[in-house]
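Asks: Below, each chain spelled out in residue letters.
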Amino acid sequence: DAGVIQSPRHEVTEMGQEVTLRCKPISGHDYLFWYRQTMMRGLELLIYFNNNVPIDDSGMPEDRFSAKMPNASFSTLKIQPSEPRDSAVYFCASSLAPLNYGYTFGSGTRLTVV
Amino acid sequence: AQKITQTQPGMFVQEKEAVTLDCTYDTSDQSYGLFWYKQPSSGEMIFLIYQGSYDEQNATEGRYSLNFQKARKSANLVISASQLGDSAMYFCAMREPHTGGFKTIFGAGTRLFVKA
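Which chain is which? The protein sequence lines are X and B, in order. Take the first sequence: its letters are residues 70 to 183, numbered as in the working numbering. Take the second sequence: its letters are residues 153 to 268, numbered as in the working numbering.
Honestly, the hints are just simulated from the structure, not real lab data. Quick reminder that beta carbons are idealized off the backbone N, C-alpha and C, glycines included. Any given hint could turn out to be false.
Taking lysine to aspartate or glutamate and the EDC-like style, the derived pairs with C-alpha atoms no more than 16 Å apart in a straight line are [claimed, not checked]:
(1) B:Lys255 x X:Glu87
(2) X:Lys147 x X:Glu131
(3) B:Lys255 x X:Asp126
(4) B:Lys255 x X:Asp99
(5) B:Lys222 x B:Glu208
(6) B:Lys225 x B:Asp207
(7) X:Lys147 x X:Glu87
(8) B:Lys155 x B:Asp174
(9) B:Lys225 x B:Glu208
(10) X:Lys137 x X:Asp99
(11) B:Lys255 x X:Asp125
(12) B:Lys222 x B:Asp178
(13) B:Lys155 x X:Glu113
(14) B:Lys190 x B:Glu213
(15) B:Lys225 x B:Asp178
One-sided excerpt, in silico: chain B residues whose CB lies under 10 Å from chain X [said to hold, decoys possible]:
(16) Gln191
(17) Ser194
(18) Glu196
(19) Met197
(20) Phe243
(21) Arg247
(22) His250
(23) Phe258
(24) Phe265
Sequences are here, hints too, so could you generate the full structure?
Replies: Below you can see the structure in the form of structure tokens.
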């Protein structure tokens, strides 16, 4: 298996533009998570899905952020409109259901909003 | 409320020596999992080791071991025989049941520097 695949690896965009981050989880994994990492706030859970259904989006900072998982092999995180404070590394991770199963993280998308 | 506390922002260790990275946690659940992840300078997050709340023995994975003290709510990572490649950021994390599934929260991390 190729692991969790995220695209793009790097994204530079201008304030106000729409940004879409993509994630392909490991086949067979029940859970998909979106995290954001910044120096100030560390790793924050934004939203997670169980069997393609959003379970908890309480970490999504604002209505500007939205996430979808239309099928078991694809998820998107969209920011519209983007702002400079959204600059961060965004990680997607997937996992099997058992409590003892560690996450497999993607390589992350480094987003810079200028 | 902060649930995972890593009090050491940075640690130095001499190559080939052992090092302990501290982690304390807070939860009211009886069933939970504790994890450690490594993040090298390249940025990826790597799962290292897991400890279940009901496990009576400390988890071990190669040179990594988890010193689990349930009553004290601590889950320290011990790295034996440190190598230069162990220089990285280390995150303690807790996965606990949540309505509809599970969620994992991470500590702030400890940056480990291994000296030659």
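Asks: Could you run down the list of hints and mark each one as holding or not?
Replies: Evaluated hints:
With a C-alpha separation of about 28 Å, the suggested pairing of B:Lys255 with X:Glu87 is violated against the 16 Å cut-off. Between X:Lys147 and X:Glu131, the direct Cα distance comes to roughly 11 Å. Compliance with the 16 Å bound is thereby established for this hinted pair. Taken as a hint, the B:Lys255 and X:Asp126 pair is honoured in the structure, with Cα atoms around 11 Å apart against an allowance of 16 Å. For the proposed pair B:Lys255 and X:Asp99, the alpha carbon gap of about 13 Å is at most 16 Å, so the pair holds.
For the hint linking B:Lys222 to B:Glu208, the alpha-carbon distance of about 9 Å falls within 16 Å, and the restraint holds. For a cut-off of 16 Å, the pair hint linking B:Lys225 to B:Asp207 stands: about 14 Å separates their Cα positions. Under the criterion of a C-alpha separation no larger than 16 Å, the hint pairing X:Lys147 with X:Glu87 is consistent with the structure, at around 7 Å. Straight-line distance between C-alpha atoms of B:Lys155 and B:Asp174 comes to about 14 Å, which keeps the hinted pair within the 16 Å bound.
This hinted pair checks out: B:Lys225 and B:Glu208 have alpha carbons roughly 14 Å apart, not beyond 16 Å. Using a Cα cut-off of 16 Å, the hinted pair X:Lys137 and X:Asp99 holds, with the two alpha carbons roughly 15 Å apart. Taken as a hint, the B:Lys255 and X:Asp125 pair is honoured in the structure, with Cα atoms around 9 Å apart against an allowance of 16 Å. Taking the CA atoms of B:Lys222 and B:Asp178, the gap is near 11 Å; set against the 16 Å cutoff, the hint holds.
The suggested pairing of B:Lys155 with X:Glu113 holds, with an alpha-carbon distance near 13 Å, which does not exceed 16 Å. Our distance criterion of 16 Å between C-alpha atoms is met by B:Lys190 and B:Glu213, whose separation comes to about 13 Å. Our distance criterion of 16 Å between C-alpha atoms is met by B:Lys225 and B:Asp178, whose separation comes to about 7 Å. The closest approach between the C-beta of B:Gln191 and any C-beta of chain X is roughly 9 Å, which is under the 10 Å cut-off, so the hint is satisfied.
Taking 10 Å as the C-beta contact cut-off toward chain X, the hint placing B:Ser194 at the interface holds, the least distance being around 9 Å. Because the smallest distance between the Cβ of B:Glu196 and any Cβ of chain X comes to about 6 Å, under 10 Å, the interface hint for this residue holds. Taking 10 Å as the C-beta cut-off, the interface hint given for B:Met197 holds, the closest approach to chain X being about 4 Å. Nearest Cβ of chain X to the Cβ of B:Phe243: about 7 Å, under the 10 Å cut. The hint holds.
Because the beta carbon of B:Arg247 sits about 6 Å from the nearest beta carbon in chain X, less than 10 Å, this interface hint is met. The criterion of a C-beta within 10 Å of any C-beta in chain X is met by B:His250, whose closest approach is roughly 6 Å, and the hint holds. Contact between B:Phe258 and chain X, as hinted, is supported at the beta carbon level, the nearest pair being about 4 Å apart and thus within 10 Å. Nearest Cβ of chain X to the Cβ of B:Phe265: about 18 Å, over the 10 Å cut. The hint is violated.
Violation of the numbered hints given earlier is confined to hints 1 and 24; the remaining hints are satisfied by the structure.
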